[in-house]
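Enquirer: The listed protein sequences correspond, in order, to chains A, B, C and D.
Per our numbering, the very first residue in the first sequence carries number 148; after that it's consecutive.
Per our numbering, the very first residue in the second sequence carries number 148; after that it's consecutive.
Per our numbering, the very first residue in the third sequence carries number 148; after that it's consecutive.
Per our numbering, the very first residue in the fourth sequence carries number 148; after that it's consecutive.
Everything labelled a hint here was simulated from the structure, so no lab data went into it.
Even for Gly, the Cβ is constructed at its ideal location relative to N, Cα and C.
It is possible that part of the hints are untrue.
Stated by the list, open to error - Where chain D lies over chain A, by a calculated footprint (3+ residues, C-beta under 8 Å): (1) 148 to 161; (2) 181 to 187; (3) 381 to 389.
Claimed, not checked - The list that follows gives simulated cross-link-like pairs (lysine-lysine, PhoX-like), each with its CA atoms no further than 25 Å apart: (4) A/K197 / B/K425; (5) A/K475 / C/K349; (6) B/K425 / D/K217; (7) A/K425 / A/K217; (8) B/K295 / B/K349; (9) D/K183 / D/K167.
4 protein chains.
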Amino acid sequence: MIVVLREGATKEQIKKVEHKLLELGFKTHPIYGEFKTVIGAIGDKRNINKNLILSMEGVEEIVPIMLPYKLASRELYKNPTVIDVGGVKIGGDEIVVMAGPCAIEGEAEFIEVAQAVKKSGAKILRGGAYKPRSSPYSFQGLEEEGLKIMSAARAATGLKLVTEVVDTRDVEIVDQYTDILQIGARNMQNFRLLKEVGNGKKPVLLKRGLAATITEWLMAAEYIMSEGNEKVILCERGIRTYETSTRNTMDISAIPVIKGASHLPIVADPSHGTGHTKYVPSMARAAVAAGADGLIVEVHQDPPNAMSDGEQSLTPAEFDRVMKEVSKIAQAVGRSI
Amino acid sequence: MIVVLREGATKEQIKKVEHKLLELGFKTHPIYGEFKTVIGAIGDKRNINKNLILSMEGVEEIVPIMLPYKLASRELYKNPTVIDVGGVKIGGDEIVVMAGPCAIEGEAEFIEVAQAVKKSGAKILRGGAYKPRSSPYSFQGLEEEGLKIMSAARAATGLKLVTEVVDTRDVEIVDQYTDILQIGARNMQNFRLLKEVGNGKKPVLLKRGLAATITEWLMAAEYIMSEGNEKVILCERGIRTYETSTRNTMDISAIPVIKGASHLPIVADPSHGTGHTKYVPSMARAAVAAGADGLIVEVHQDPPNAMSDGEQSLTPAEFDRVMKEVSKIAQAVGRSI
Amino acid sequence: MIVVLREGATKEQIKKVEHKLLELGFKTHPIYGEFKTVIGAIGDKRNINKNLILSMEGVEEIVPIMLPYKLASRELYKNPTVIDVGGVKIGGDEIVVMAGPCAIEGEAEFIEVAQAVKKSGAKILRGGAYKPRSSPYSFQGLEEEGLKIMSAARAATGLKLVTEVVDTRDVEIVDQYTDILQIGARNMQNFRLLKEVGNGKKPVLLKRGLAATITEWLMAAEYIMSEGNEKVILCERGIRTYETSTRNTMDISAIPVIKGASHLPIVADPSHGTGHTKYVPSMARAAVAAGADGLIVEVHQDPPNAMSDGEQSLTPAEFDRVMKEVSKIAQAVGRSI
Amino acid sequence: MIVVLREGATKEQIKKVEHKLLELGFKTHPIYGEFKTVIGAIGDKRNINKNLILSMEGVEEIVPIMLPYKLASRELYKNPTVIDVGGVKIGGDEIVVMAGPCAIEGEAEFIEVAQAVKKSGAKILRGGAYKPRSSPYSFQGLEEEGLKIMSAARAATGLKLVTEVVDTRDVEIVDQYTDILQIGARNMQNFRLLKEVGNGKKPVLLKRGLAATITEWLMAAEYIMSEGNEKVILCERGIRTYETSTRNTMDISAIPVIKGASHLPIVADPSHGTGHTKYVPSMARAAVAAGADGLIVEVHQDPPNAMSDGEQSLTPAEFDRVMKEVSKIAQAVGRSI
C-alpha cells in the first residue's frame, strides 16, 4: 500500500510513520516529492488495521494496491470457472437460462410452467418458496411445501432447481431440495447467511445487492468461498439509481467488468433489472450480447394473477419468443443456448 | 387508488377494468378526461395484487392514494411516540445520546470508555458483540463474551445498553443481555430478523438501509410493529450516493421528513454517516438542529488501535467537547441533553 | 390531474379546492373514499401553476395524468421518426455509426482517421472543435480551425459531420460547418443553448445529462422541438451512480424506455458510457441488441497520445473489429449496418 | 503521482514505463512489492496526459497524489477567504442571509418583500430575472426589466443584490445591475459561462451541480478563479439521489468537507435543497449548525400565486420565524446574524 503524507508533514512525523510501518512488518520505501511525501509499504497485509496509520499525525490517506478479495479474483485464477450443476455447465460456451415463476403457488401450475420453459430451452427451474417481501402484509411463500413442489417438478421435467434461502435456520432444509441456493439482493451482505451457504457444497447464485459496488459484491462472494464453497455464480439484477422509469437500473457494464476482475460466471436477471415485462426481451438480448453466461427470467402462465412480481413476468409464449431472440444473439457472439 | 387508462383505451377496455375493480370489492368512479380516462377505486385494500389491474389492456398505471404502512404512520397515531428504556425516554424533550466503541474488545477498556461517556452525558452505551464486516478476514466480534462485558459495564455505570443482532439464531441470547436490540443497515430488509425482534418486547433501534427510501424504512418498521413490538427507534446513518468524500451521505432532511410521516422517534449516527472523525462534531450539531431525538456516536480510548471503525471514532475527550457543543444546539431548539 | 386531499380534510376545505379548480378552468369530479377524498380535475393544462392548489389547506398532493412533454411524445406521433442527414437515415432499419476522435488535433491525422472509420462502415464523422473540459488547465479545442479541418475531412471522405456546440455565441458558426449539432451532457439543461439550436434547421444530437431522468431528457428535447426544430436524435451516454468501476453507468434500459415513450431515434455512446476502451466492444453490442438506432464511438490512431479521452478511445483496428461484431448483432435483431 | 503496474508485468514493461516517465520530466522511484511493482513519479504535473502512461503495457492504474485544483484549495491559502460585498462580509463571523422570491414578478411586490426580508435581518436580496426552467412552456423571467426592478429595490432598501445569469451573452448586462452574479446548478459545468464571470470583478455565487462531486464543484470554482476573479462563494443546494421524498438530498456534510478542502466561503440553500416549505426551517438550522457561512432562502408574499417555486417559498412571516430560530443556532456555534 501507499501512505500519502500531507503537504507540510514534518520529518519527525514521516519518520514515525515509517517506524510504525516497519513495526507492522512492512518494508518501506519513502519517496520525497516537491510538495508531498509518500511511503510505499511492501507486504501483502490485506487485513492490517489501516487506521493505525491513518490516524497518525501528518498522514493524509492510504492507497491500497492489492485488491481486498483473493479467491474471487482473476489474480489468483486466470481461467474462467465453469460450474457444473448436475451436468448443466455454467460459465462455458453455452448460455444457461433459468426460468420460472417468482413464487410457487401450487403444484399443477408449477409443473405446467416447468414443462413450458423446458420446451423453450431453459435448463434450470426457478421458483420462490421463501419470499422476502417488502410488506409484512404480502404473501410470504409456501416454505417447505414449496420446496416439495419444486422437487416434484424436477422429477417431472429433469430440470435442475434454483431457489432462494432467506434465513440461516433454513439453509439445511433448502439445501436438501435444491440444486442451486440463491442469495437474494437484500441478503448480499447478510454475512452469517453467506457463511452458512459457504459451508455447504451446493452452488450458490449470489445476486448483487440493491446498491452494492462490484467490489462489495466480490467481497460477498469471497465470504462464501473463504468457507470452502467456491461454486459461486454471480447475478446482476439492477442497481438503485435516481431513475424511476425502471424498477432498478440494470448495470449491463457490470458483465464485462466482472469478466475482467473475476473468474466466476455471471448471469443476468432482466425481470428484476427492469421491473416491467415489456423491457425484459431487449435487456435479455443486451445481457447476452455483453457477455453474460446465462439469464434468470420470471415466467408465469397468468402474470395478472401471479402472487408476486406479475408485472415483470413473461407468459410461456413470450418467454419462447425471448429464447428465440436470445438464441440469435448467442450465435452472434459465438455461443449457443 | 386511481387507475389511469391509456390515451386511446376503448370503451370496452374501460368497462372491463371497472368490472374487475367491482369484482375485487372496490367502488368505482370513472372520470372521462379530454385525452385519458381515470377510474377512482374506493376501498382500503393495501394488499390487493395490483397486477390484476395493471396487466389489463388499456391500463397505463395505478396511483396509490393510501400509504403502504399503517402502524408506523402519523395517520394512525397523531402524537409522537416516546419510548421508555428503563427510565431513559427517547422521543421526548431530552436529546438522548448513545455512545461507545464500534466493537467490544475487552472488559477493562470497555468499562473505562463507558464511564467516560457517562461522565460526558451519554445515557446509553453502545458496543458491538456480533459484527457484520464486509471482509471475511476482518474481526467478527466477541459474541456472547462481548455481551457479558456489556452487562458488566451496565452494572458498573448504570447506563442502558444497545447492541446489534445479525442472525435470527442470536435474537434470544442478545435479548437476554441488552436493553435495545439494534438492526444494522445491512439487515434492514432481513425480514426474518425483523419478525424475530418484532416478537420480542425490547425496543429496537432500526438503522436505515444503505440505499433504502424512507418508505422502505418505514415498511421495515411496520414489519417489526406488525408482529406486536411497537417500540421502534429509527436511526439515520447516511445513504449511498455518488459522492465519495464522505463514507455515506448523511440525509439530514430525513429527520424532518420522518417527523412528518411517522410518530416514531429518530436518532442520528454521525459516525457512520460521515465515516471521518473530523466531520462528526458538525454533523452531530446539524442532526440535533434539524430535530433528531438523539445521537449514536462511536467513542474509543485509542481510535488508531480500534479493531473496527477507528477512522470515525472520537476519543473520550473529543466526545466531551461534542457533547458540550450539542448541548448548546439542544438549548437553541428548546430541548436539553 | 388528480388532487389528493389529506385524511381529515374538512368539507369546507374540499369545497374550496373544488371551487379553485373550477375557477382555473377545470371540470371537477370529487371521489369520496373511506379515508381520503380525491378530486379528478379535467382539462389539458400542463402549465397550470400547481402550487395554487398544492398550497391550499387540506391538500396532500397532486398526481399529474398527462406527460409534461408533447412534441417528443409517442402520444402525439405514433410512428418512429427517421431523421435524414444528407441521405444518411437515423431511426430506420439501418444502424448508423458515428466515429472519430474526441478532440480534433490536426488535419492530416483527422483525415486519416476519417478514412479509416469510413472503411469500417461509419457513416458520420465525430470530432470536437469546442471542448467542455472539467479542468481549466486542459486543452480546450481548436475552435473554428477545428471546424475547417472537419469540413476538409468531409470533402475528402463524403462522411457527414457531428460536432459539439458549447456556447450560444457559437451556434451560428458551428451550424455553418456541421451536419449535426451536438449538445453535450453538461449542457442538456442549458436552456438558452437548446433554444438557439431549436431555431436552426440542422439535426441535433442531444446527449443525456449526467444525472438526468428520462423525463428531463425528453423535456430538453421538447425545448428544441418547441422552437421549431423537430430533428432531435437522443444519445444515451451513461448516468452518474455510486459505482466507480466505470466512468458512468450506461443505462442500456433507457433504450427500450425511450422507444416506448418517444418517437425520436436514440443512439448510444459506449465510449463515455464506460470510460474504458476495454468495455466499449461489449457495450456497443449490448446497445444494438437492446434496440439502439446507432452508436457514437471515439476512435483515435494513437490513443495514448490523444489530447482528450484517450483512455476510452479505440484504435482504427479495434474499431474495425467492433464494427464486425456489432454487424452480427444488428443482423440478429433484424437490422443492418 | 503513483503508477501501479499489474501483477505479472515484465521487467521490460516496467523499464519502458520508467523511461517514459523520465522523458515526461518526472523523477522516478520504483518500488518492487511481492506481487506488484509501483513507480512513484515526482513532479507537479497536474496537466500531464495520464493516458500516455495508462495505455502502456503492464500498467494497471495511476493514483494522483496532488489535487486537481490549486487556487480553490486550502493547500494554497491556509486562511478562510472573506468576501466583501459592498460592506457585507461573507465568510466571517457573521451568518449572511440572502432572501427573496424565486422570480421577479413586479416592482411593487418585489420592493415589499425586500423590505420584509430586510426587517427580519437579511442582508442580500435574491430574485430571478433570467430563469432556467425545465419546461419550455413555463415562465422564463422578466429579463432586463427584472434587473431594473431589482435595482429599484436596492435603492429602496440598501440591500445588496444576487441574481442568476444563464447565458454568456447576458453576463455584461447582469453585471451592470447586480452585486453578486449567481451561476445556477444546471450551469455549474457551463465552462464558457464560468470563464465569462471569471473575467469580471463581481463576486460569484457558484451553486453545486445537480450531481456534482465536491471535486468537480471546486474545479468549477477553479475555472472562475483561473480567469482572475477569486471572489467565489460556494452554495450547497442539494444533490440528486434515489430518495424522492425531498426534491433533492441536501448534502449538509458538504459544508464541513468544503471547510476542510477549500478556503472559500460556503452558504446553503434549504429551499432548493428540500423543495418543500415545511422542511426549510429545520434544514436552515442544520446548515448553520454544521458551519455554513450563510443561507439563501426563497421568500414570497403569496407562495400559492408565485410564478415559480411557490411550493418551497416561505412567507415573510415564516421567514421571520426562521431567522429567529437560525439566530439562536448561530449563537450556539459562536457566530451571529
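Enquirer: Does each hint fit the structure? Answer for all of them.
Expert: Here is how each hint holds up against the structure:
1. 148 to 161: Three-residue rule met by the region 148 to 161 of chain A, so holds; n is 3.
2. 181 to 187: holds (count 5)
3. 381 to 389: holds (count 3)
4. A/K197 / B/K425: holds, 17 Å
5. A/K475 / C/K349: Status violated; Cα separation ~37 Å.
6. B/K425 / D/K217: Since the Cα atoms of B/K425 and D/K217 sit roughly 23 Å apart, the hinted pair holds (cutoff 25 Å).
7. A/K425 / A/K217: violated, 39 Å
8. B/K295 / B/K349: holds, 18 Å
9. D/K183 / D/K167: Cα-Cα ~19 Å, so holds.
The structure fails hints 5, 7 (numbered hints given earlier, in ascending order).
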